[in-house]
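Note that the protein sequences, when read in sequence, are chains F and A. Anchor point for the first sequence: position 348 equals 348 in this note's numbering, and the numbering is continuous, going up by one each time. Anchor point for the second sequence: position 270 equals 270 in this note's numbering, and the numbering is continuous, going up by one each time.
Bear in mind the hints are in silico, worked out from the structure with no lab data behind them. Mixed in with the good hints, there may be bad ones.
Repeated chains share a single entry, so a pair holds when one copy, or any two copies, can fit it.
Claimed, not checked - Calculated cross-link-like contacts (lysine-lysine; reagent style DSS-like; alpha-carbon spacing at most 27 Å): (1) Lys-183 to Lys-304; (2) Lys-304 to Lys-356; (3) Lys-340 to Lys-304; (4) Lys-347 to Lys-304; (5) Lys-264 to Lys-183.
Number of protein chains: 2
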Amino acid sequence: MKSTLYAVIMAGGVGSRFWPRSRERTPKQVLEIVGSGTMIQNTVKRIESLVPIENVCIVTNRLQKELIAKQLPKIPDENILVEPVGRNTAPCIGLAAQWVFHKDPHAVMVVLPADHIIQNEKEFLIVLRRAIRAAEENEALVTIGIKPTHPETGFGYIQFDDSDDQNINVSEGIYRVKTFAEKPNIETAEKFLKSGDFVWNSGMFIWRASVILDEIERLLPELDVQLKKIASTVGTPQFNHAIEVAYGVLRGVSIDYGVMEKAKNVYVAKGDFGWSDVGSWDEVIRLTPVNGDGNTMRGNVIVKDAISNYIDAGNKMIAIVGAEDLIVISTDDAILICKKGHSQDVKEIVDYLRRKQMNDFL
Amino acid sequence: MKSTLYAVIMAGGVGSRFWPRSRERTPKQVLEIVGSGTMIQNTVKRIESLVPIENVCIVTNRLQKELIAKQLPKIPDENILVEPVGRNTAPCIGLAAQWVFHKDPHAVMVVLPADHIIQNEKEFLIVLRRAIRAAEENEALVTIGIKPTHPETGFGYIQFDDSDDQNINVSEGIYRVKTFAEKPNIETAEKFLKSGDFVWNSGMFIWRASVILDEIERLLPELDVQLKKIASTVGTPQFNHAIEVAYGVLRGVSIDYGVMEKAKNVYVAKGDFGWSDVGSWDEVIRLTPVNGDGNTMRGNVIVKDAISNYIDAGNKMIAIVGAEDLIVISTDDAILICKKGHSQDVKEIVDYLRRKQMNDFL
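For reference, chain F alone in the conformation it holds in the complex (with noise of 0.2 Å):
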């Protein structure tokens, strides 16, 4: 690789879906939610043998930049750029692209979301490294794609053209993207699964800096109006000042909406590394260890006769007698008891506690 990389990680989802662990101040991506370190440490550290740490940009909000600091102490304070309120990944994507092209416009730039897990780490850096190539030799979009293993529907898809004479390095696993996929419904998603050109998308984005701004400029005028009165105060006392002003006028627009699917120079990188967006509870669980009776137990617990439970009892004693197939999660304030499988209505929790201004458990 000719050109400087610089990494920008995305930190400002609220991951209600973990509630009542993850709150407004303490989202997925700060929690230590599988094995050890928190997901945004485990996301930095994926990619420190790539990218150096003074090269990594988080952007984040106001409430969880004081803890992302902290947990992430090698980080220069300047890096971490807040977001005074969220407006999807298009104007966090393109506020991080100023802030690379004002250290070097000719930089690549990595853009991956804070809360992912990737199991197979090795196999990870050689697809980015192909993926930074082909940004790099043919001035595209490249974003990662993965192999798709079963017909999820909580995904994006991305089709990819795999006949041979429009595509830079198939040999690579490098293709050419046909369409982007909303989430399908179930039918939809075999069909997917069965074409055998269809991927999960990841989110995650690779490009050079220049390249990106480019393509705002060009597909969304508005956004490009904004980022360029904060371009001309990066390294300056103004920049949050023009952030907060910026951010006061901006819509909310998906980079892969926005962009993505109407940009013509654009590449799927094609990965297979044991990728997940860990976006349930029972996710997380299909991700950890169990033992003999199926209990996957953190903290002070007792077990009679209960078999298939996630328990996770915090600084309370939990006894559970009986019962099975429970995710159990106990907090200060909050426990949730969820059935296995049902874990995706926890985010309906949170938005009835929303309805009714509970924010002492958000």
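Please build the complex by placing chain A on the supplied structure of chain F, with the hints as guidance.
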């Protein structure tokens, strides 16, 4: 009734089946388990129309004394007798009988457990009056037997003699006792139920203090020796010290085994007044009204697709998603999650805590 009436309320139980709500310092009888009022408050209230409050005597232990005195402010402090250690029911009843005998050597005393539920109080008082009359007129030991509704294996049974010539007042449901039977297995319980001459042993007794003391003298001479040492100190500053000394050498024995099974003049007053010893959380649920989806909720509970659960949130917030048939009891430091039908096993959790000396949770 010609004799003065006293009530002796036995409140020494530890009620480990209601863990984590019940603890050594707060056993079942001092908790609001069903409806309003604690169980001991309701026990006193039930007999207030029959027994003057200054004639109500409580036998308890050091851990509970203060709380019981606070819950029953109308009971004179000297009426609360403190056992230094539990020695089963015979010493407890013998001690109280000495106390009553000192007040009035001709008094009839009614012995009542502090932790039972009675749904039809009017009928209970009718049966109690009949039992008192039988004890008074025949210088007899009278116990109250509950008409069984199902082949319960958790209670002892009493077989009565329903042949006319031997009974003192069959028309009032007073029968001579044939045998006391220990907790049966299910087959035996079914036979008992079918036979028609077995009733549940409620642990309630009615007799003159003088009569039970005479029987103790005859049948439990070792206990009698110690009780007589205490007797000479009733009403003096030496009373508590005498109890300490006596209990240091007393052996534990139940009034059923030590006296009732061997005594001659023993009767049972048959009753049918919605009695329950509330021996488990499952029994509490049976006695508690439910709402449309079968959930019973105390405190701050959010339910989503969950049915037929009993949830006591304590001062936490509990969200329950997709789960059914659970008993959830949350306290400051411990949480029980028990499948309905398994609450007898809660005792084993407490046994485990005791073995592991996890005293904070006992």
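So, going through the hints one by one against the coordinates:
1. Lys-183 to Lys-304: Close across copies (24 Å), not inside one copy (41 Å); limit 27 Å.
2. Lys-304 to Lys-356: between (37 Å within a copy, 15 Å between copies)
3. Lys-340 to Lys-304: The answer is both: 19 Å in one copy and 13 Å across copies each meet 27 Å.
4. Lys-347 to Lys-304: between (30 Å within a copy, 11 Å between copies)
5. Lys-264 to Lys-183: For Lys-264 and Lys-183, only the intra-copy Cα distance (22 Å) is at most 27 Å; the inter-copy one is 82 Å.
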